[in-house]
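Student: Protein sequence lines, in the order shown, are assigned to chains D and V. Under our numbering, the letters of the first sequence match residues 49 to 244, in that order. Under our numbering, the letters of the second sequence match residues 100 to 314, in that order.
Rather than coming from a laboratory, the hints here were simulated on the basis of the structure. Glycine residues also receive a C-beta, built at the ideal position from the N, C-alpha and C atoms. Mixed in with the good hints there might be a few duds.
Okay, the calculated beta carbon distance ranges per label pair [as the list claims (entries may be wrong)]:
1) V/Lys109 <-> D/Asn80: 13 to 21 Å
2) D/Glu237 <-> V/Asp105: 40 to 48 Å
3) D/Thr175 <-> V/Gln118: 25 to 33 Å
4) V/Lys274 <-> D/Gly235: 52 to 60 Å
Taking lysine-lysine pairs in the BS3-like style, the calculated list, with each CA pair at most 27 Å apart, reads [unchecked claim]:
5) V/Lys274 <-> V/Lys290
6) D/Lys63 <-> D/Lys87
7) V/Lys192 <-> V/Lys179
8) D/Lys236 <-> D/Lys63
9) V/Lys264 <-> V/Lys179
10) D/Lys171 <-> D/Lys236
11) V/Lys290 <-> V/Lys192
12) V/Lys264 <-> D/Lys236
13) D/Lys63 <-> V/Lys109
14) V/Lys179 <-> V/Lys248
15) D/Lys227 <-> V/Lys179
16) V/Lys264 <-> V/Lys192
17) D/Lys243 <-> V/Lys264
18) D/Lys134 <-> D/Lys171
19) D/Lys63 <-> V/Lys115
20) D/Lys114 <-> D/Lys63
21) D/Lys87 <-> D/Lys114
22) V/Lys115 <-> D/Lys227
23) D/Lys63 <-> V/Lys179
Single-letter residue listing:
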Amino acid sequence: MSYYDIDSILTDAEKIPCTFQLDVPDLGYLDNNSGQTLKNGTRIALPLWLAEMLAIANTGDADEGKSFISFDLPPALGNDVVQALKADPRAVPLRDQSAHFYALATHMMDLSEEPELGSVLRKTFVTRAGEIALHARKVGGSAGGKGGASEEGSNLGVGGAGEEFLRGLDEWERSLFRKAHDGAKAGKEWMDNVKK
Amino acid sequence: MPMYGDLGNKLVQHAKRTQNLTHLPSYQTELVRSVTREVRDLDRDVASLLEPFQGSFDPAAEQATACTLLVNHLSMRRNKRCLLAYHRTRTDKLEELVWNGADLLDLAGQQVAGTNGVTGANDGGTTSSLSPQEEDYVRQYSDLLAAYKGHWTDIDLTGSLEPPKDLFIDVRVLKDAGEIQTEYGAINLTKNSQFYVRQGDVERLIAQGYLQRLG
């Protein structure tokens with residue numbers, strides 16, 4: 049996670065539900081109410097880069113030690129999603145929850161105690177990674193004729209039964225898929241050259 | 100609802116797209132300007148918020164103001180990160196292109212030949228996809244690279260890492276390239292002529308599009 053990492057910056061733009069713990073006269077614009085006071089208890093979705101520091105920062109009130117806002121897990125990591133992941137990790141299109149699902153989840157786990165989430169995600173990743181590797185190898189075999197067609201961005205260029213699953217990969221899984229795919233292809237190319 | 104940091108995010112999305120492209124899309128002059136303007140606005144807000152306190156601001160006593168200041172500060176910091184990451188993505192790309200043998204004219208001319216090819220040269224040379232600063236960067240980076248390569252005159256550091264299968268190859272001349280010197284004497288490369296030459300002598304010219312390799 050580097051300062052210049054584009055995906056990390058985009059992950060920080062993911063919004064999480066926050067609740068303000070004090071009245072702030074100048075911040076009404078955050079709740080689409082420019083010029084109005086932002087009331088104590090207002091619920092707004094704020095991007096991570098803003099929410100994180102607001103939640104951590106101490107208001108300077110030494111006695112209470114309370115922060116400017118409190119926050120909840122985003123819907124992407126809500127109970128519904130976790131239950132669905134428990135049932136079958138492969139059936140959940142993670143991308144529909146968040147394009148940076150795992151990055152968001154790890155970030156949230158840094159911010160709050162979520163013992164169960166960690167183990168669910170670990171199982172999810174392991175199960176899905178096997179599936180990804182399987183698809184990547186299949187493509188590497190059949191798409192050999194396509195030659196140097198590069199697999200870039202959202203155009204993963206796959207068809208058939210796996211399409212639905214592959215469409216639901218988050219950014220991290222996509223890069224895993226791309227690497228597995230390129231690896232299989234390079235291996236095949238090398239083998240072909242050896243035979244000659 | 101437009102919010103502080105939204106424009107910076109747009110810039111980073113441009114950078115994300117740039118990572119997957121082989122060429123460099125045009126510089127987002129307007130967007131960069133808007134983001135820097137946003138930072139200046141935020142800075143002015145901070146200054147005017149702090150002014151009544153005359154340097155003796157107590158965050159515990161003025162929690163609402165402290166919160167506003169923090170939001171402004173974080174927004175500025177976010178914009179800074181977006182701006183830096185956007186430019187870094189582009190300079191990384193530029194360095195890669197320079198190592199691949201592109202020179203400033205290729206890079207600057209890209210856009211003219213690409214999107215504005217049909218409409219003609221009504222803007223003259225202002226259609227470069229690089230910002231003036233980036234052009235300067237490419238120029239100086241190319242100089243640095245040339246100076247670095249100068250130490251190893253026998254080795255072409257930017258040459259292909261693949262060992263050639265044949266020492267000699269057939270090439271056809273696509274554009275007049277004038278006379279070149281080889282160890283077997285001078286060859287005059289005129290358009291549409293064909294030669295059997297040593298690969299090492301003409302690799303550069305193939306990369307630049309003067310010659311086409313046959314067979």
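Student: Against this structure, judge whether each hint is valid.
Tutor: Structure-based check of all given hints:
1. V/Lys109 <-> D/Asn80: 13 to 21 Å: holds (20 Å)
2. D/Glu237 <-> V/Asp105: 40 to 48 Å: Holds - the Cβ-Cβ distance for D/Glu237 and V/Asp105, about 44 Å, lies within 40 to 48 Å.
3. D/Thr175 <-> V/Gln118: 25 to 33 Å: holds (29 Å)
4. V/Lys274 <-> D/Gly235: 52 to 60 Å: violated (39 Å)
5. V/Lys274 <-> V/Lys290: holds (5 Å)
6. D/Lys63 <-> D/Lys87: holds (20 Å)
7. V/Lys192 <-> V/Lys179: holds (20 Å)
8. D/Lys236 <-> D/Lys63: With Cα atoms ~43 Å apart, D/Lys236 and D/Lys63 exceed 27 Å; violated.
9. V/Lys264 <-> V/Lys179: Violated - the C-alpha atoms of V/Lys179 and V/Lys264 are around 50 Å apart, more than 27 Å.
10. D/Lys171 <-> D/Lys236: Roughly 31 Å between the alpha carbons, so the hint for D/Lys171 and D/Lys236 is violated.
11. V/Lys290 <-> V/Lys192: With a Cα-Cα distance of about 33 Å, the restraint between V/Lys290 and V/Lys192 is violated, given a limit of 27 Å.
12. V/Lys264 <-> D/Lys236: Distance of about 21 Å is within 27 Å: holds.
13. D/Lys63 <-> V/Lys109: holds (15 Å)
14. V/Lys179 <-> V/Lys248: It is violated: about 35 Å lies between the C-alpha atoms, which goes past 27 Å.
15. D/Lys227 <-> V/Lys179: violated (32 Å)
16. V/Lys264 <-> V/Lys192: Roughly 30 Å separates the two Cα atoms, so the pair is violated.
17. D/Lys243 <-> V/Lys264: holds (17 Å)
18. D/Lys134 <-> D/Lys171: holds (9 Å)
19. D/Lys63 <-> V/Lys115: holds (19 Å)
20. D/Lys114 <-> D/Lys63: holds (22 Å)
21. D/Lys87 <-> D/Lys114: holds (16 Å)
22. V/Lys115 <-> D/Lys227: holds (18 Å)
23. D/Lys63 <-> V/Lys179: holds (19 Å)
When held up to the earlier numbered hints, the structure conflicts with 4, 8, 9, 10, 11, 14, 15 and 16 and fits the remainder.
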